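Chains as they are written, first to last, in my numbering: chain A, 1 to 316; chain B, 1 to 306; chain C, 1 to 238; chain D, 1 to 224.
A couple of the hints might just be wrong.
Said to hold, decoys possible - Calculated pairs, BS3-like style, for lysine-lysine (alpha carbon to alpha carbon, straight line, at most 27 angstroms): (1) B:70 with C:188; (2) C:204 with B:230; (3) B:148 with B:129; (4) B:196 with B:213; (5) B:230 with B:70; (6) B:108 with B:148; (7) C:204 with B:148; (8) B:187 with B:112; (9) B:213 with C:204; (10) B:187 with B:163; (11) B:193 with B:157; (12) B:65 with B:38.
No lab work stands behind these hints: they were computed from the structure. The structure presented is a predicted model; accordingly, all values stated were derived computationally and were not measured.
Residue strings, one per chain:
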Amino acid sequence: MATQAAELVFDEATKQYPDRPEPAVDRLSLTVPAGEICVLVGPSGGGKTTALKLVNRLIPLTSGDIRIDGRSINDQDVTELRRSIGYVIQQVGLFPHMTVEANIGTVPRLYGRSRQWIRERTAELLELVGLDPSYAKRYPAQLSGGQRQRVGLARALAANPPLMLMDEPYSAIDPIVRARLQDEFLRLQRELRKTVLFVTHDIDEAIKVGDRIAILREGGRLAQYDTPENILLKPADEFVAQFVGADRALKALSLRTLGQISLRPGTWLDGLPQIDASTNLRDALGFLLAGGSDRAIVVDDDGNPLGTVTPEDIVR
Amino acid sequence: MFRKHTRRAAKAAFAISLGVALLIGLTAGSGLAAAKAKPTVVVGTKNFTEEYILGQLYGQALAAKGYTVKYAGSIGSSELADTAITSGKINFYPEYTGVLALDIAKLKNAPKSASATYAAAKTFEETRKLTLLAATPFYDTDTVTVLKTTADKYGLKAIGDLKKVPSFSYAGFPECATRATCLLGLKNTYGLKQTKFVPLASVSVYTLLDQGKVTGGDGFSTDPEQASGKYVALADTKHIFGFQNVAPVLTQELAQAGGSDLASVVNAVSSKLTLAAMQAMNKAVAVDKKTPQAVAAAFLKANGLG
Amino acid sequence: MIPVLGGSGPVIPSFGSGSSCEQNNGWWCTDWLREHWGDTLQPALVQHIELVAIAIAAGFLIASVLAIAGFRYRLLDVPVGGFADFLYTIPSIALFQLLVPFTGLTVLTVEIALTSYTLFVLYRNMVAGLRGVPEDALEAARGMGLTRVQTFFRVELPLASPAVLAGLRIATVSTVSIATVAAFVVPKGLGEPIFIGLDQNLFKTEILAAGGLAILLALAADVALAWFARAVTPWSRA
Amino acid sequence: MSVLADQFTAHTFVDAFRFIGDNASLMLSKTGQTCELAFAALGIALALALPLGLWLGHRHRGLFLALGVSTLGRALPIIVLIAFGLTVLGVGFWNNTAALVVLGIPPILTNAYFAVDGADRDAVEAARGMGLTERQVLLRIELPLGLPLIVAGVRISAVFVIASATIAAIAGGGGLGDIIVNQASYGLAGVIAGSLCVSAVALLTALALGLVHRAVSRSTTARA
Chain A
1 MATQAAELVF DEATKQYPDR PEPAVDRLSL TVPAGEICVL VGPSGGGKTT ALKLVNRLIP
61 LTSGDIRIDG RSINDQDVTE LRRSIGYVIQ QVGLFPHMTV EANIGTVPRL YGRSRQWIRE
121 RTAELLELVG LDPSYAKRYP AQLSGGQRQR VGLARALAAN PPLMLMDEPY SAIDPIVRAR
181 LQDEFLRLQR ELRKTVLFVT HDIDEAIKVG DRIAILREGG RLAQYDTPEN ILLKPADEFV
241 AQFVGADRAL KALSLRTLGQ ISLRPGTWLD GLPQIDASTN LRDALGFLLA GGSDRAIVVD
301 DDGNPLGTVT PEDIVR
Chain B
1 MFRKHTRRAA KAAFAISLGV ALLIGLTAGS GLAAAKAKPT VVVGTKNFTE EYILGQLYGQ
61 ALAAKGYTVK YAGSIGSSEL ADTAITSGKI NFYPEYTGVL ALDIAKLKNA PKSASATYAA
121 AKTFEETRKL TLLAATPFYD TDTVTVLKTT ADKYGLKAIG DLKKVPSFSY AGFPECATRA
181 TCLLGLKNTY GLKQTKFVPL ASVSVYTLLD QGKVTGGDGF STDPEQASGK YVALADTKHI
241 FGFQNVAPVL TQELAQAGGS DLASVVNAVS SKLTLAAMQA MNKAVAVDKK TPQAVAAAFL
301 KANGLG
Chain C
1 MIPVLGGSGP VIPSFGSGSS CEQNNGWWCT DWLREHWGDT LQPALVQHIE LVAIAIAAGF
61 LIASVLAIAG FRYRLLDVPV GGFADFLYTI PSIALFQLLV PFTGLTVLTV EIALTSYTLF
121 VLYRNMVAGL RGVPEDALEA ARGMGLTRVQ TFFRVELPLA SPAVLAGLRI ATVSTVSIAT
181 VAAFVVPKGL GEPIFIGLDQ NLFKTEILAA GGLAILLALA ADVALAWFAR AVTPWSRA
Chain D
1 MSVLADQFTA HTFVDAFRFI GDNASLMLSK TGQTCELAFA ALGIALALAL PLGLWLGHRH
61 RGLFLALGVS TLGRALPIIV LIAFGLTVLG VGFWNNTAAL VVLGIPPILT NAYFAVDGAD
121 RDAVEAARGM GLTERQVLLR IELPLGLPLI VAGVRISAVF VIASATIAAI AGGGGLGDII
181 VNQASYGLAG VIAGSLCVSA VALLTALALG LVHRAVSRST TARA
């Protein structure tokens, strides 16, 4: 699958509703580099979803500009613009009267793709999102919530768009399935390298999913736009600090794995617990504290010891 | 597009040739009465069995002699049929002479004989661009019909005897309520002021008599039920029901266009319509459930008119 | 004076006597059914189907236009829906008579009245069907770049179709039933044999046969439309 | 056959209103007869269909019956019912009332069934959990919640019954139908006048029940 991604730029983008005193989005400026996931996060009323819908012009800009690969969205035909952007929403919005295949084929069909092309593409996409290709002939009513969300993602990817907009895609799904879908999405992204604008109200999801996080405060103003690490460790102001939570240092631990820190050279001691190098620091700390041991052996995928780690090493 | 043009052109050509042919036909035929096209007869009827049969008798006889006949179907009461013929929606319908004289013309003094009734009806119709052909031998008057058991119980023989019945109720067609040959006659001429009237739009009066829902009903003398012995028709000593022979009403325009030929075809049918014939045909439809079409066809065939 | 019609008396042929069942007004005279299927019942049935088919087709067309208008412009919905409701409320026999001054005792009168009755159910169901399309599907359609027309034909219309077809079923069954009253105005349809049966001292066989045909026709139409609805909306079974 | 079209002038409806004025007592008594027949039938239909529909809905049983009855109710032509009634019950008030009751039952029964059957299951479960008896669940929770739909059913039934009551005139049912089928006596103006009166009765009844419907809808929405 040919991968392509576009750079997304918000340039003083503003949305002001005539009947409200405060703007919904206030002079938002940020750049999402091609192939990265930018998560918009913030309290309700922060204008996250509004900002997302400005991009595909479901909500028209009041002032400022939004550019995709340097081209203003207002210079493009609105239907063309929308067809070129993948769109995933919380309620999924599958068409109940169409089979999974017909749902996925909606935009390709508008582009005049053949049935054969759509059938093959559907099979390919279903596999990509972790569904058996036999689901192609089912109706949405015959799918579980998680399956529907997967089909929704496949549908958004159908025309291979360079930019994806995802509006709280996993909010309505139970935590276990949500974690699995997040993992799958990240795996997919490693392969596809799309530019993704992702809206969530869940800071943990933002930290897990985002390459960059934009925190919006009430009134649609950008509070901070940075990598998850910097957001957690160097919050720009009191609002951000409060929003990411008092446990932000702990959350920051989840950003790195044991393999990414320097370990003590392995003095081999029998009876010490073993832990995978791919475990993130937060989980490793929990493992050590819960195990009652002050040291563990870090092993790689093949079980070879790499060194040992103590709680002090992790929080340093 | 091309096809459409050709078809339209063909149609136009056809219309022109038809027009020319008609013109030639008219010029050629102007001196020859025999070649004159026979007029179209639009037959209407009132809304009960005997009228359906009469409509079929006249219509089929005319069609057999080469007239174009259109059936306008059942129109309703005499009043509606009258509206239909005066407005030109139909040009032929069988009517009862007494109804014409008393209910349509609304003559104050009822004619005293069948021929006087016919004459009065014809005179009236001719003032309105209509006319009558010859009347039938049979007559079919309304009768005040009661169950035989009722007649025996109260000793009823004539309409006047009804005063002996404590609460007299009477069923009939809705228009009976405002007709001199019906309810108004009972009230005004016989003095049966307390009569309770039950209008029936579609249900037979005999049904109500059978069910004991009314004391009397507006029957017809040619109804097959009258011969069953189950009912008694009370004598109309004051002649409120008049003389009800049938005569075909037609427009003067149709009468002139059809000339003596049309009149002779219609009169030939009328002459055969005796009381016995009409009762037999009514029975065939009402009791033996034959269709009016079939009964009329059989009768015309048997009499060499079909 | 009355013209004298001379000549011999009439020959009164045998018209064939009815069966004893017919003569005694039986409940179910098979002889009558056999004899009069061709000349009475079958033509009445065909006429009845014609009356209903025309009314439903016209009603469906008019209701579609009104429903699309009422759906797009909500301001129209109240007056249009109210008017359809108003038409539905007028008793059929009254509506027939109220139309007579304009259209006479014609099939047109009957069709206008029957069509008016279908509007209420069809219009309401169409609008409800269109309004009932899930918001998320519409949002997804817009977000995916479907134009308004595409959204209407590919998403709204198919999703409204179960409600529309349900309305069509109700309207068809009711119209088959109401059309029997049409015989008050024109001697057509299955109402006509019923009226004739009433006139012939309640000939039960004819009334039951024609009435039964009307009921069977209504139920058959209902089943056929239900089957059709199932066939064209496979997703609603999922 | 457009017999009557020619009689039409712009004055026909004016004449009809004049007819009502000139024959006020006649119109009043005929309208009264129609109302008597229709409302008696409606009352009986209500008394029969409402409890049955509520009970079936409460038990969530008889879906097939509820659907079947509503389709059959629509499919039954009134003139067939009246004609059939004539042969069994004879001519008169009771034949017509029985026919109208049969016609009036389906919308009430079906709507009552679906109103109760579809009442918010959470609310019903909460009520059971709070210890309400089945009877109390039905009368205090399901009935009020389903009231708008029930009233809508009564409204459909009422319109249907009034319309059909007019047709009862063919079988000596009296009322405004007598005038409507008797153009010979009352003239076109009378026929139109009768039709206007029937329509007015139907519309007023529909309007009144429509207002009740709105009132109960508002109260249940406010409660929820």
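Would you list, in rising numerical order, the hints stated earlier that this structure does not obey? 3, 5, 6
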